Amino acid sequence: MEHRKVRGNGIDIHVAIQGPSDGPIVLLLHGFPTLWYSWRHQIPGLAALGYRAVAPDLRGYGDSDAPPEISSYTCFHIVGDLIAVITALTEEKVFVVGHDWGALIAWYLCLFRPDKVKALVNLSVPFSFRPTNPTVKPLDGLRKFYGEDFYMCRFQEVGEIEAEISEVGIERVVRRILTYRMPRPLILPKDKSFWGSKDETIPLPSWLREEDVAYYVRKFEEKGFTGGVNFYRNFDRNNEMLGPWVGCKIQVPTKFVIGDQDLVYYMPGVKEYIHGPNFKEDVPLLEEPVVMEGVAHFINQEKPQEILRLIVDFIFKF
Amino acid sequence: MDLTFSHRFVKVNGINMHIAEKSPSVAGNGAFDGALRRPVILFLHGFPELWYTWRHQMVALSSLGYRTIAPDLRGYGDTEAPESVDAYTSLHVVGDLIGLIDAVVGDREKVFVVGHDWGAIIAWNLCLLRPDRVKALVNMSVVFDPWNPKRKPISTYRSFYGDDYYICRIQEYGEIEAEFAKVGTERVLLELLTYRNPGPILLPRGKSYDDPVSLPSWLTEYDVKYYVSKYEKSGFTGPLNYYRNMDRTWELMGPLSKAQVKVPVKFIIGDQDLTYHIPGTKKYIQEGRFKSHVPLLDEVVVMKGVGHFLHEESPDEISKHIHDYFLTF
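Same order as they appear, the protein sequences are chains A and B.
Quick note: the first sequence uses our numbering, first residue 18, plus one each step.
Quick note: the second sequence uses our numbering, first residue -10, plus one each step.
Calculated directly from the structure, the hints in this document are not laboratory data.
One thing to keep in mind: the hints can contain errors.
What the simulated footprint calls covered on chain B by chain A, stretch by stretch (three residues with Cβ under 8 Å from a Cβ of chain A suffice, anywhere in the stretch; the number is not a length) [unchecked claim]:
hint : stretch
1    : 76 to 85
2    : 200 to 209
3    : 233 to 245
Below, computed lysine-lysine pairings styled on PhoX-like, alpha-carbon distance capped at 25 Å [stated by the list, open to error]:
hint : chain 1 : residue 1 : chain 2 : residue 2
4    : B       : K0        : A       : K154
5    : B       : K141      : B       : K271
6    : B       : K171      : B       : K99
7    : B       : K0        : A       : K110
A few chain A residues facing chain B, derived, Cβ under 8 Å [claimed, not checked]:
hint : residue
8    : V23
9    : A105
10   : F146
11   : N150
If you're wondering where the values come from, they're calculated on a predicted model, not measured in any experiment.
Even glycine gets a Cβ: it sits at the ideal position worked out from N, Cα and C.
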């Protein structure tokens, strides 16, 4: 595996790359609060099968640059980085695999540049935050629906969640989020009770080792959380500028996978969207969605071999 | 000649947009309303103009069977001008047009597009972002300038042309508006509409605009009155905000890096147009790079002796060029 810096959209993006240099590229997009590292199990497997696995740290995360302005974290900036990475490595179309924020970014990547994506495997996050009438502000909707303590709402005030994370401690925050398995939306009461008391240990599940947690903690200690949290601070701004794509369908062959204990699966409307006609209407080339039993949000870390298998079986067709 | 246009307002992309329309009049028993199935041409004006700049083409082309639609773009004329300077990126404006096409033509429908000046820039971006909504494009005056990560617009202009270059002078919010107010709306419009210098537009501070301006043959007193009345009412800020968002748009268009314009295009430019004399443009057109970015560039027409406002200067020729091209689809 090599690590290098590629010029993104005005910033440097760190990528982990493994696989033959002429292998079809599989671009792996992590979510919050993880890093390229969340794909550690899939990268060698893909490389061994002749693909070239490319896993960036998204802007604001890990070893990639984190520009200071919040308005530098729109979906346009992030997709701009990825197009720069793709075009630096190949002129061909690429496969894209996304999880959590990476999945949302992948949906936008397919909207903006269907000419660059051969096929998509998206994990956990269906095509939500799709472009709607900009008089509707997504953040208002989130507040009304879930309340002020919904984690996305708690992320809005600049510096607030950062201070809370600092106080609670990055290690505790990372452990708590990665091990969250409640089948309901993530609510963070302002009394900080969500994180548990400082002497309460958070045991790791079988699929997460102490050294994995240590890697995330080290990187978030270096970089801070602001970059990653800034993605959440651009919902309204994104929607205002997604006008050109209102009603636009995703025209890329897509496989969607979600765990039945994923908190996303329990957000109101999501089950109906995934299993109803609308998902297929928005993504005409969508294969039958896969729901994995007994699996929570961090699906590519919890069931690495199954996810690798699902990816490979799908992209093999193209 | 029927010079009547129908006007209405359409709610699109969060704003109230004014459009002018001229459709073929339906002859016969009216039981078969052909107007809804006529090919649609969407006309996109530039700066400092309005829907009105397309009056000749709308008359000519509607009589040839097209449904012609010309909006005032966001910030211009009778269309809403959002307060925030940030609301004038190409993404906002293209969003308006997608909303407009959905509302007045249909959400699966494609249209023909004709663009000039800023309208041409918007048209290029419309074709990049939603090629699935454009049947073919006749673009005028401004060539396609592919996104370049190394060339941030305003600093590039500054180093090429200096601080007095009009685009650089426009950047400071409110400043140029105050200067325009001193010179007077009519005088500002006349200076810009009659500009025939092949060189770049420079606006040195303190320059006086006292010499009389004579109207060219293609601009009547009535035309000037129309433009002046609209610009006096809605001001210059909306239109100027487009220039103030060139850097921001550049930042946001990173996803379109190396994207080609995948829509059939006919490009027309006057050889007296200042844009034709921007260094590198002639070579860009003649030596094939234009075509490499716009692979479906079917034809380039260079009109001799014609300036920037070519569709007002030579309206019949332009209408014929448009019809001849769209007829092939």
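Starting from the hint list further up, note which numbers the structure goes against and sort them upward.
2, 6, 7, 8, 9, 10
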